Amino acid sequence: MRIPILRLGDILLTSIQVDLTDAEVMQFQTDVLHAIADIEARGLVIEITALEVVDSFMARTINDTANMAQMIGAEVVVCGMRPAVALTLIEMGRGLIGVETTFNLNEGLARLNKKIAQRGDSSLTDDEDAV
Amino acid sequence: MTEAVDFNVARWLEAQQEAVLDAWMSDIVSRWKKNYLHVVDTEHLHLQSRQLLEEIRKLFVENPNEFWEPTPDSKIVVLIRSLSTQRAKQGFKPADSTFYVLSLKRVLWRRLLQDRIAENKVALATCLAMIENVIDRLTLLIYEVYVETRERLIAQQSLSLLELSTPVVRLWDRVLMVPLIGVMDTQRARQTTERLLEAIAKYEATVAILDVTGVPVLDTSVAGHIMKTIAAAQMLGARVVMTGISPDGAQTLVKLGVDFSVVTTRATLRAGVAESLLLVGKRIVAVKDAP
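For the protein sequence lines, the chains are A and B, in the order given. 1 is the number of the first residue of the first sequence in the working numbering; add one for each residue after it. 1001 is the number of the first residue of the second sequence in the working numbering; add one for each residue after it.
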């Protein structure tokens, strides 16, 4: 199944609610990146409240996706990680390093909006030249 | 015996010239009709071919016995050279370009075999060998010139591409832009870095935008080159904003383990320009009473 990617102004919101196969995770990665490029999103929220198990592949892919999104110009926040998941990830030595994480969606959006406000292109309104 | 036969080739050719030319031209035209006839002037082609045929005949007269070796400044070599150069520039395929003389060989052979000389096996073999020798040399020559011309063309193009493709644009006070277009190799990367550093020094720039929209392949080596350029610019105190990485490019780079976290990256040049203007304390605003 495909993870829905919701647009919230300049921000894209994705929520992973079921366990994904490796192929689905890769599909998710590609989808997210193309969605960012399509609307020139300035922020991406990856919400993982519903995930009870995060294996090393999933962790790495989330981390990679975040790095990729940053590379094409979006700020990224991963939010809603369960305490147990965080514990496992740290124990595995595979923390989601390099990505901003918050406890819940609300905080995540606040963090993201703050970061976006500091950006140079935040003064750009909708693309006037877009056809 | 042989001399008499060889003499015959030249004379035979003289007698057959018009018929050979006609057969030859119709053979050529039928092959070139599809792709090239609009670039080839038929009258000019006739003239050229008649000249060539005449030269070949003279060759048989001048070298009745020995096998002919092309000398660089003989008339026939000059003729073939100009002809092949022209074809190469007109975009002929090599096979179609060499077909020009190969077709002549075919025509000559066919006519020889129909002639009464065919009854004398020795004479026929000598004639065929002579024609074969000359035409083969000419074929090789055509091919050689063709490749030479193409190679010169490629060298010229890559040179002009190198010249054209590394401009450093002054976007605003203290803001530079480097649009990278085409394949990045070591030489180009060095040239880009040099020009960027010179421009940073010259304009006292504090921000440089590196736009990679036009770079078709982003791999480890290209990323390495770009990272070096960025590090060098940062050493001069300039901040670098990278723009134009495609989603696929980003995926590749992260999978390759390339770390671009030391640079600000933006999806589009538009966002990159806004970002770099902010870094020098400027902003683009709408004018109220725009015309």
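Read the hints as simulated data drawn from the structure, not as lab findings. One or more hints might be untrue.
Derived, one-sided and incomplete: chain A residues facing chain B with beta-carbon distance under 8 Å [as the list claims (entries may be wrong)]: (1) 40; (2) 68; (3) 71; (4) 110; (5) 123.
Have a look at the derived ranges for each label pair, beta carbon to beta carbon [claimed, not checked]: (6) 1291(B) to 123(A): 18 to 28 Å; (7) 1262(B) to 91(A): 27 to 37 Å; (8) 1169(B) to 52(A): 46 to 56 Å; (9) 1091(B) to 100(A): 16 to 26 Å.
These numbers come from a predicted model, not from an experiment. The beta-carbon is built from N, C-alpha and C at its ideal position, and this holds for glycine as well.
Taking the hints in turn, this is what the structure says about them:
Given the 8 Å rule on beta carbons, the hint for residue 40(A) holds: about 5 Å separates it from the nearest Cβ of chain B. This hint holds: residue 68(A) has a C-beta 4 Å from the nearest C-beta of chain B, less than the 8 Å allowed. The interface hint given for residue 71(A) holds, since its Cβ lies 4 Å from the closest Cβ of chain B, which is under the 8 Å cut-off. Against a cut-off of 8 Å between C-beta atoms, the interface hint on residue 110(A) is violated, since the closest Cβ of chain B lies about 22 Å away.
Given the 8 Å rule on beta carbons, the hint for residue 123(A) holds: about 5 Å separates it from the nearest Cβ of chain B. Taking the beta carbon of each, residue 1291(B) and residue 123(A) are about 23 Å apart, inside 18 to 28 Å as hinted. Checking the proposed 27 to 37 Å range against residue 1262(B) and residue 91(A) shows it holds: the Cβ atoms sit about 30 Å from each other. Checked against the hint of 46 to 56 Å, the C-beta distance between residue 1169(B) and residue 52(A) comes to roughly 52 Å, which is consistent with it.
Between residue 1091(B) and residue 100(A) the beta carbon distance is about 56 Å. The supplied range of 16 to 26 Å is therefore violated.
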